[in-house]
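J.: Taking the hints into account, I'd like the entire structure generated from these sequences.
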Amino acid sequence: MSRFLSGKYADMTPYTPGEQPRNRKYIKLNTNESPFPPSEKALLLAAEEAKSLQLYPDPECLRLREALAARLGAEPEEVLPTNGSDEILNFAFMAFCDKDCGAVFPDITYGFYPVFAELNGVPYREIPLAEDFSVRTGDYCGVNATVFLANPNAPTGMALPRTEIEKILRANPDNVVVIDEAYVDFGGESCVGLIHDYDNLLVTQTFSKSRSMAGARLGFGVGNAELIRDLNTIKYSTNPYNINRMTAAAGLGVLADEEYTRENCRAVEENREFAAAELRALGFECLESRANFILAKHPRTDGAYIYEALKERGILIRHFTKERIKEYNRITVGSREQMQALVEALKEIV
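Here my numbering is used: position 179 in the sequence shown is 179, and no number is missing along the way.
Be aware that a few hints might be false.
[To be verified] Under the rule of at most 25 Å between Cα atoms (straight-line distance), these lysine-lysine pairs were calculated in the DSS-like manner:
(1) 311 / 297
(2) 8 / 311
(3) 51 / 41
(4) 297 / 28
I should point out that these hints are in silico values taken from the structure, not numbers from a laboratory.
T.: Structure representation (structure tokens):
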């Protein structure tokens, strides 16, 4: 680091994104991207909007907000589109946390939560998952802090039912509960329908996974209008034009092609069950996933070795070094052909 970096960031550990090597062509199962291309409607609308790139985009993102609200059963003023769901999560740390109101989240979860907390000077507490890697609802009741829960969780893929989320909401009436639903479309139970029952609920989602738009960077938050006004204060104080014209247009195209999204999600769920069954037949232990990935370990083969051996064979998966999950690997669910190639490689390795 240079001698000019502010001391408040000197000890911060940044988020580590999934590797993107360019030395060869890989079967890429390490960053939870969709194996399917974006909707043709999204591509057409984005291409048309590219003709107007000399103009700023609509800072209110009105057309996209209206379309999202109609899809979600909400009002436009209850929706905030953002530059990926990472932006809305960062906004939530900025708006609803401070030195007097910290944050809580699981010890094994999305790696950006502690980064956002440290970036914004927010005290935080990591609550250990249960032995089986599940979230214990009671651990998040009456915590006197802003709650951040990925549901389904990452990298475990395990999900809480909506009734359990409601217990957490009721037990923290004076604190915001943020439910990160990046993977909800692959078998989870969304809490969006609860925003009119609980004024302390913020739900975040993304177009990156189920909607095949990871490269476009589009996410959104849903909550009561007052929460969204708070978040808009942060948005208009940092980046008013946070959604570019092409991304907003592509988002409209995706929302107009809902059946395509549903078909892709069904395919991913089928491929997930196929891959999990094949992995278990090879002796792997797999957590019960409701996401587009599987967290798995082999009782007799080192997790890091499996990761390296697959990489040598042209298949990328995600390996973590955190003590509790260092023997596990997270495997993105791709196409059936990609899953079959993975299984064949693993047969050689284990």
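J.: None of the hints should be skipped; say for each whether it holds.
T.: Consistency of the hints with the structure:
1. 311 / 297: 16 Å, holds
2. 8 / 311: With Cα atoms ~37 Å apart, residue 8 and residue 311 exceed 25 Å; violated.
3. 51 / 41: Within the cut-off at roughly 16 Å; holds.
4. 297 / 28: 19 Å, holds
Consistency note: the structure conflicts with earlier hint 2 alone.
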